[in-house]
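Following the hints, complete the assembly by docking chain B onto the known chain A.
Listed in order, the protein sequences are those of chains A and B.
Per our numbering, the very first residue in the first sequence carries number 1; after that it's consecutive.
Per our numbering, the very first residue in the second sequence carries number 1; after that it's consecutive.
Keep in mind the hints are simulated off the structure, nothing from the lab.
It is possible that part of the hints are untrue.
Intra- or inter-copy, both count: the list cannot distinguish identical chains.
[Claimed, not checked] Distance condition first, Cα-Cα at most 27 Å in a straight line; then the derived DSSO-like pairs of lysine-lysine: (1) LYS160 / LYS90; (2) LYS310 / LYS367; (3) LYS27 / LYS59; (4) LYS521 / LYS548; (5) LYS548 / LYS59; (6) LYS507 / LYS548; (7) LYS310 / LYS360; (8) LYS90 / LYS548; (9) LYS462 / LYS519; (10) LYS27 / LYS68; (11) LYS90 / LYS185; (12) LYS141 / LYS2; (13) LYS462 / LYS325; (14) LYS185 / LYS262; (15) LYS439 / LYS310.
Protein chains: 2
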Amino acid sequence: MKIAAVQLNYIVADFDYNFTQISQAIKTHQEADLIVFSELCIIGYYPYDLLTYPEIIEKQHEIVERIKALSAELNTAVVIGVATPIPGLKKFYNSALVIAHGAVVYTYHKQLIPGYGVFDETRHFISGENAQLSFVLKGKKLAILICEDIWYNNHQGYLKNPVDGLPDSLDALIVLNASPSMLGKFQQRLDIVSRIAKQIQAPIIYSSQVGGYDELVYDGASFVCNTEGALIALAQSFKEGSLSSDLNNLSETMISPPYENKPQELILQQLICGLRDYVHKCGFRGAVVGSSGGIDSALTLAIATLSLGKCNVKAITMPSIYSSKGSIDDSVVLCQNLGIELFTRDINDEFLLTCENFTKAFGREPKKLTQENMQARIRGRIVMEYANDSGLLMLTTGNKSELAVGYATLYGDMCGALNCIGDLYKNDVYALSNYINEKYGELIPQSIIDKAPSAELAEGQKDADSLPDYFYLDAMLKLYLERDLLAESEIKGLQTIVDQVEVSEQKRIYRMVELAEFKRKQAPQILFIQRRPFGIGRRMPTTARFNK
Amino acid sequence: MKIAAVQLNYIVADFDYNFTQISQAIKTHQEADLIVFSELCIIGYYPYDLLTYPEIIEKQHEIVERIKALSAELNTAVVIGVATPIPGLKKFYNSALVIAHGAVVYTYHKQLIPGYGVFDETRHFISGENAQLSFVLKGKKLAILICEDIWYNNHQGYLKNPVDGLPDSLDALIVLNASPSMLGKFQQRLDIVSRIAKQIQAPIIYSSQVGGYDELVYDGASFVCNTEGALIALAQSFKEGSLSSDLNNLSETMISPPYENKPQELILQQLICGLRDYVHKCGFRGAVVGSSGGIDSALTLAIATLSLGKCNVKAITMPSIYSSKGSIDDSVVLCQNLGIELFTRDINDEFLLTCENFTKAFGREPKKLTQENMQARIRGRIVMEYANDSGLLMLTTGNKSELAVGYATLYGDMCGALNCIGDLYKNDVYALSNYINEKYGELIPQSIIDKAPSAELAEGQKDADSLPDYFYLDAMLKLYLERDLLAESEIKGLQTIVDQVEVSEQKRIYRMVELAEFKRKQAPQILFIQRRPFGIGRRMPTTARFNK
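For reference, chain A alone in the conformation it holds in the complex (with noise of 0.2 Å):
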């Protein structure tokens, strides 16, 4: 038996586009004996409240139609994820149709249902009951999980196993996914499925889908295990495809997980890809950075001309009388290494006009910082502006470590629709600086990365004035933000260097993370790259008193 996994890139609810890729997909495969699709394929993954529309269901609904009837011109058999309507409620279950000869053959429900972490099924979708756990294709004995279905021993927040209830001698389980890449997630999926496939003595088939959707990019990656639970098929990483694989000759191979022992690479990649699916999909060609001379910008510069080339992207920079001679040389020495436009757009004039209008208009002069959000609220405003005049989209720079704490001015440098870097903590934007540098060459300045990190808002102002060094902070804000999520290993590493730092320093820098908040409650979305990502990964109230 011939099974081929798909993995697509779609397009969250745009159905004809959706369809044409998956009828494209059959036709070429429809020599497999079963083409396998992913989770909530047809809608694309996740719709989230637009599940309360009718008209989706009904679209789906059209579309399995139209899947169905090209079955039954073929040999082949199909497995795709709906959406299931619940007759008397207001919930769905997330379900898995397999069609065969114009007809639906075996419909799956997913039992565990994921609401925690970016995840937010349990909003829409019930965990299903299923009468009836395998079926039968072709003389094989079957069985069907999705995606979170295997990640019980994981996530400790389930209270049964899907994978316990699993029929005896299968022939192959398939799993529908759409898991979201991590650092580390594919090993992750790897290790489940491997496990998984020699506890149930069969191959497993893991298709997901690929692509950037919104701060979340799946890898794709789909992949086989034999009943070794040795990894023998292996699809492309963040790119459309699909791989194929027989039940009846499934050797064991030697294949390399995708990136292993390159964590840079796979964040690369996943931003590059993350960054285009996203710009793309809004509708839009290219993006504007403004550029500070400093390191998180020059990175988010970096990635947008890999991820849309260097046509589409400009950059801007913004001197004022605190900017460093450095800063707007090395801005153009990037822009120079990079390939792409610079504009120069000094902002004193408007600095201080605006100050002596303060002054004027509220009888005083503006408060020093004040003056340092006026600054980074200009620059904001003249990248949006060259944004919107351009019909380009505004990139925002700012790291995991300074959204944390703060060390940002909302409607300033937090001005942006996407945030490729805000899941990386300062060491991380430097390692992948460094990264690129070694992939491509000395793209980005070796002067922007040995200087010590200044917002440049006041006078020989330095990050180090008001923040501990950030080889102190970033293990403090790990410690915090994810400890519950840590190895012990990890969590001993990183209290290592914490204690070295006074107590009262910690507890302010945790004080600075909770007061915060409001700020990230408005920042722009960050796309997902480790464990918990600010935005849809860490949800606080703001009126809260943790810490404060």
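Structure of chain B alone, referenced to chain A:
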């Protein structure tokens, strides 16, 4: 048996504060046999992902111990709401503890866990199994349910009804709540409780929390229904307080629901309460609003003044060449009426300078729409400057109709920490403004109410140039945004209006709604008033293509 229901205004995660309030209330009501607090009262509802911090649960445990110690000295039992960790799981039960004579004598775990609308409990809690569904106190057989447990019939998201599982011959049912207020909510609650009281043939004590918690405002309005389902005791709305009742003497009385037939008064009181608590819980004393001379900022200023007091509210008028003389004069009269300080800060020189600098830097004049955005953003920045410099919160002023179609500038008039009127359609804004004038005299100048809505960002610009009349627009939006939550009769009424609009125009509007999602992703938090507020009430993908 005397029962007191106590409604307090908690601060989420401020355990010392919450304990002080609770212990004082216990002492005040120590003559009661049972004192009932509200859902999750030790932590405050809703803590969101603060629940991932073990410190939260440790602190809660400490407070429970202190309440136990306190109860040991008294002859009264206490019902409190707590999050109960579940060994081996990362989720909790949402529980009620009955504490008497220094010990927990009964524990109930909430059965229906809401994860829809503005609720996120499925992210943190799982449905409880209860071996025992009643307890006996001083000879009375009592049962407990928690909030959503009684809403089975209203949400169509659950497979069983906890009310049907209640034991027979109860002497009373106690319901702990954190039920956010919205238009019509009290009557809904009363209908449900009244029906259940008759069904189970027992009186019901309904206790809730009060106050503003981010977007949600809890009205308190704790009440008691007798066995016949009649409302016989009622605490105040939007104020801390309590009510006492004697199970042995529950006579039928005539009490009206709060704000019965006074929806505008409910909205007003809710906004006053929600704004005040947001500002104070965030550690601020007052607010500043950009006063355009239009109805939205006028209403926001009126609410802010009623909520925070004249001395704590500032307004800034920021005329440009496109501002009508009337708009400036109207701002002056408005602020005189409200008794608040109005600053004037002309934006012309800054606007002209930025246009000039744009042309210099980018080699072309900014487009008309870019120029409009510039003005809005200069104004947003000016108000933020004053807010930062004076330690005030900036309030934004976008109504729901504007936010729906994206008729607002991100980082411009969308700046601000909180939006008081963002869950009011344009016509609701007029209704509330008229109501305020009826109640307090002409606070909002009639000329502001009468003038045609205009952003005044271009010569002679009127909302009506690019949007349908708000009579049609609001009907279209309500139908589009809330259809699945409306009664058939409401749908019919709205449909009659919408049918008068060309289908292509309807489509254009619905497309605008989805295209503006990226703006709403960065919009300030909105006080929830009606069925489905933007933000926490409607969660949508940005990269989808629904109606686009």
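For LYS90 vs LYS185, is the C-alpha pair at or below 27 Å within one copy, between two copies, both, or neither?
Between. Shortest inter-copy distance 20 Å satisfies the 27 Å Cα cut-off; intra-copy 33 Å does not.
I want to check one pair: LYS90 and LYS548. Are their C-alpha atoms no more than 27 Å apart within a copy, between two copies, both, or neither?
between (39 Å within a copy, 25 Å between copies)
Between LYS462 and LYS519, at a C-alpha cutoff of 27 Å, which is it: within one copy, between copies, both, or neither?
within (22 Å within a copy, 33 Å between copies)
From the Cα coordinates, with 27 Å as the cut-off, is the pair LYS27 and LYS68 best called within, between, both, or neither?
This pair counts as within: shortest intra-copy Cα distance 13 Å, inter-copy 69 Å.
Is it within, between, both or neither when you check LYS310 against LYS367 at 27 Å Cα-Cα?
The answer is between: 24 Å across copies meets 27 Å, while 40 Å in one copy does not.
Homo-oligomer pair classification [LYS59, LYS27; C-alpha up to 27 Å]:
So LYS27 and LYS59 pass the 27 Å test inside one copy only (22 Å; across, 60 Å).
At most 27 Å between CA atoms: does that hold for LYS462 and LYS325 within a copy, between copies, both, or neither?
Intra 15 Å, inter 46 Å, cutoff 27 Å: intra-copy only.
Between copies, within a copy, both or neither: which fits LYS507 and LYS548 at Cα up to 27 Å?
For LYS507 and LYS548, the Cα distance is within 27 Å only inside one copy (9 Å; across copies 47 Å).
When no copy is named, should LYS160 and LYS90 be tagged within, between, both, or neither for a Cα gap of at most 27 Å?
Result: close both inside a copy and across copies, 24 Å intra and 14 Å inter.
Regarding LYS548 and LYS59, is the shortest C-alpha distance of 27 Å or less found within a copy, between copies, in both, or in neither?
Classified as between; 15 Å across copies, 49 Å inside a copy.
Within a copy, between copies, both or neither: where do LYS310 and LYS360 come within 27 Å Cα-Cα?
The answer is between: 23 Å across copies meets 27 Å, while 44 Å in one copy does not.
At 27 Å max between alpha carbons, let me know whether LYS439 reaches LYS310 within a copy, between copies, both or neither.
Intra 17 Å, inter 61 Å, cutoff 27 Å: intra-copy only.
Checked against the numbered hints above, the structure breaks none of them.
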